[in-house]
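Colleague: The primary structure of each chain is shown beneath.
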Amino acid sequence: MKLKTILMAGAMSVAGSVATAECAFENTTELRSLTAGFEAWKAVTDAMAECGNFEANLDQEFREKQPEAFAADPSLYHIGGVANSTMIPLLNAGTIRPLNDLVEQYGQNLKPNQLITVGGDIMAIAMMVNNQHLMYREDILDDLGLDVPTTYDEVLAAAAVIEEAGVVDYPLGGTFMTGWNLGEEFVNMYLGEGGQFVDDNNMPTINNERGIASLEMMKALTEYMDPEYLVSDSTYVQQQFQQGKIAMANLWASRAGAMNDEAESQVVGLVKMASAPMGSEAPASSIWWDGIVIASNITDEEAEAAFRVAMEGIDSEMVQANQEAAVWLIDGYEPGDLAAGAAATAANGARPYPASGAMGIMHTALGNGIADYLNGNKDAETTLADIEAAYMTAAEEAGLIE
Amino acid sequence: MKFKTFAAFVGPSIFLMLLFIAFPLISVFWQSFNVTQPLYEQIEVENCTPGFLTQTCETEIQTRPMLDENGDIITRTDFVGLQSYRNVLEMERFWTAVKDWSWSGIQSIDFWKALRFTLMFTLVTLPLVVGFGLAIALVINNAAKMIRGPVIFLSLLPFIITPVIGALSINWLFRGDGILTALLEWWLARDLALFAQAWTIELMMMFYRVWHVAPFAAIIFYAGLQTVNQDSLESAVIDGANRWQRLRLIIVPHLMPLIIFVAMIHLMDTYRVFEEVVGFRSQGYVISLQWLTYDFLTPNEAGIRSISRASASAMLTMIGIAILLVPLLKRTWRDHKGTH
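As they're listed, the protein sequences go chains P and E. The first sequence begins at 1 in our numbering and counts up one residue at a time. The second sequence begins at 1 in our numbering and counts up one residue at a time.
Be careful, since some hints might not be right.
[As the list claims (entries may be wrong)] These stretches of chain P come out as covered by chain E in the derived footprint (C-beta under 8 Å, 3 or more residues):
id, segment
1, 110-124
2, 173-182
3, 349-359
Think of the hints as simulated: they come from the structure by calculation, not from any bench. Note that CB positions come from ideal geometry on N, CA and C, so glycine has one too.
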């Protein structure tokens, strides 16, 4: 009896969400999507569901499932959510289709900078950007008479003053968790120094002065962090901010909203956003985008329906209802205070994350190898040489280099 | 029994063992000697990605896999001999480090770093698990009948907890702002960071493993204690043997086959230590052999896995377990021969 009630309630709620008719057309093709599971994707897929006959799969493990699922014939999903790097395996396997015709027919509302093109073909439609930028406690910096730091040397100087004053547990936070996070921190620093990770023949090019400067700056920053920085991911840094334990951090734009979440944060309104600190050539940050792709192994009719539904998902109405959920690229978005840091970072010339097959291997090698330097087990040059060696082994095994 | 009947009984289980044990093993063995790669081509393409307000386009050389007429990636499988094993073991760097007497040089190679921890973890926890297991079993055995049931239940609790969940809870309890760290900090009146250096993490891992596995040993030993010959115990008492002598000369020899059984199971389990590394997120400080295999198998952002190295590392783990079990198996074999 009880189970029946629950099932009924479930069926009703599904029916309820399908029946809402804010969608411009009624979709009659069965469609499925596989995307990441964060807030912005929830908003977008909810808007898509308004068109009916649509099943959204929000899954943080999407990157492991997508390549196989899209390679099936017919593809298990029609719409995919990707970022710079997760598009690479799909692009390489040819399992996503060029969207030129569909954009011409149904994409009137798209802005030119939303179109991700590869060799002249539009392969994805971007909906939002994300980058790591400086977040700081305005009250603390004001009290101590500090200016907002614009370079990492200024960050270190400010951190020293904050530590002296003893107003927070640790002056700095950082997403230094071993693995992807730590790799990304190096990527940011090294891009800021103007470095390049691999050359045209996929040979590694990180063991140089720029690489050493990046590592040394990272180590200098850790002096002002919670000593357990090697287990601190984005969520941990966000919580450190919310609990008033840190004063500054280079954190993801997508986490900015959480600073003012009254249910979690004790520092509502006190955390302000600024550009990522400058390296010698660019802001120490990388620009990421999230967007939509359509599978190749589906019929043209399905692709057309999928694209129209996707366009409904990323229209201005959705953005107006979810202004805070992300830094949208879509028409109708009004950047508020929380987006100021992401915008300033981009305006200062931050470079896009250089996604490629080789970069995927490099990122993993960096993420696993840098801890040894921060722990003091190796010096900077040995660390970089070992990371290059690890990269070479993996790239050779993958067939990227001979 | 007729051969036909025997075959009918044994056949299904042999078939399943071939399917689920032998076949995967052979396939891993085969993969560790081969490398499968896509064929790549280099092309020049113009990529456009969004800036915040404008679009940035740049032309670059990209390496892309070639596709056949069906749209599948063309791959090639080559026999590479022991290359994947060489890639995992990195013997050249190992010998250079050995010649320089450089311990940190050895520890900078992933495999040897993982092996060092795995062996230490296995060999330190083994006597502790057997010791604590025996102690708990004796306590249960000597407890009054009334409370014996509840005592067994309580001592079994740690074993029931799913290993990953147990490791995670220890992680959360001792993290920078965890409850127990806060308590210790208050008690010792100093700032503690238990996840900021390798040795504290290793200690917590061993503590966790002993806490988790000792009940299993205890319940096996408790069962064994029920079969100890009461007559020999009584005569020992009459002869004036004290508790310790009775334990050492009568009970432990009686339990020896069980101790060897527990030790073997424990060696096999602990050499594959993995949950602790994942649960404690310790890979910045401490890694194990099984974690290394897992790391090779995890696809990176670009969807690439190192399957050959993962297979080689898995085979090496198996060889390691076999070597560790040799002394115990030899002893069992000797006892087995002795009884006939």
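Colleague: Are three or more residues of the segment 349-359 of chain P within 8 Å, CB to CB, of chain E?
Modeller: Answer holds; 6 residues pass the 8 Å Cβ test.
Colleague: Given that the segment 173-182 of chain P was listed as covered by chain E, double-check it with a C-beta distance under 8 Å for 3 or more residues.
Modeller: holds (count 5)
Colleague: For the segment 110-124 of chain P, do three or more residues have a beta carbon lying closer than 8 Å to a beta carbon of chain E?
Modeller: That given contact holds, which follows from 9 residues of the segment 110-124 of chain P lying within Cβ reach (below 8 Å) of chain E.
The structure agrees with every numbered hint stated previously.
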